[in-house]
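Undergrad: One letter stands for each residue in the lines below.
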Amino acid sequence: MASWQWFHRLGSPKWLSGTIDRWLPWVLGLGSVLLLVSAIWGLAFTPPDYKQGNSFRIIYIHVPTAIVALAAYYVMAIAGAVSIIWRMKVADMALRAIAPVGAALTFLALVTGAIWGKPTWGAYWIWQDARLTSMLLLFFLYLGIMALHDAYQNSASGNRAAAIMSLVGTVNIPIIYKSVDWWSSLHQPATLKFTEESTIATEMLQPLMLAIPGAYLFFIAAVMMQLRVQIARNEKNTRWMAERAAQ
Amino acid sequence: MHPARKQRLIIVAIIVIGASAAAALIANALKQNLNLFYEPTRIVNGEAPIGRKIRVGGMVLENSLTRVPDSLTVQFVVTDYEAEVTVEFTGILPDMFTEEAGTVATGVLTEEGLFVAEQVLAKHDETYMPPEVAAALKNKPPSY
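Those protein sequences? They're chains A and B, same order as listed.
My numbering applies: residue 1 is where the first sequence begins, and numbers increase by one.
My numbering applies: residue 1 is where the second sequence begins, and numbers increase by one.
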């Protein structure tokens, strides 16, 4: 079936490896530019907040990393589903490549949130808060998937276990997203809204609108780099990899 | 689709739906425990336990903050615009703590209905704007 051709091509480590080599500089370059511009704009040129003063500026790191940390989980779970259904080895490599990047983004969102929490709330962290706890759970899910992947002598078993774990963990994503609406929480509800106007001034929103795509591109670039390592590790005994290495 | 793959697709769907259903049931069973704090209405209605450590959250009522002289003890009223709870706290309030803004206090409810807090946090809302805009909205010079 011709319509499935792209899908099968995606399953070829050799094709994927070449594609990554071609795209990585562009994705990484554009992502870095967006993040750099948004950081300078947000830190130096945006007015301070009427209540939080300058400490609100952490929004330009906290919100993009948190958004991408959640989105990354869905991408990873889709790779897990593809791995289970089609037994595609590239899907397992993708799952293994996304997990550490997602964990790093979640960690950044947690740390920046804590740094902002101290001057704003008066505490770095509180327990029992639905948003804070579910986000911490996401961090442990990413770590757990990495650990499961490596926990078996037989790599096929590890792949299967990690894929199932990634599917089960998808439950947590809408919980994180809606936790501030469903339950009372110290964390404020979302500022960026899909269905109504966002409650942030335009000049403060603009750098954020660069930082979010910047964070997505940075995520894609980081996953590409991880994926390259995974491909090299898994395909080290193939002829095409030997030819590439000899070049 | 290949029958074996179709079967595995169904297994994937069952895992996701099953896990979601389990999470929904757990969340439903723990409904109240997942709330961080009690609203003043629920405290006034007697839903909150007395003498046990709980949290109360709401807005600090305007002109309700009073200081006990020669001490760090303050009193203020937390409201959800339906009921009110008086909170007493000895210590330093967070910088962002102001009247007519959100707060979450941890402490113990006494028989008399006074909430003795051991920790008071400021709850920020989701509105972000420059001081000039806020001043224009309130018609007074910026103060941040």
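Think of the hints as simulated: they come from the structure by calculation, not from any bench.
Positions of the beta carbon are idealized from the N, C-alpha and C atoms, including for glycine.
Watch out, some of these pointers could steer you wrong.
[Unchecked claim] Over the 12 angstroms line for every Cβ pair with chain A, so calculated as not near, a few chain B residues:
1. Q32
2. Y81
3. A83
4. E84
5. T90
6. L114
[Stated by the list, open to error] Keeping only pairs whose Cα atoms sit at most 27 angstroms apart, straight-line, the calculated DSS-like set for lysine-lysine is:
7. B/K31 - A/K178
8. B/K53 - A/K118
9. B/K31 - A/K193
10. B/K31 - B/K53
Undergrad: Can you name, in rising order, the numbers of the hints this structure does not satisfy?
TA: Hint 1 is the one this structure does not satisfy, whereas the remaining hints hold.
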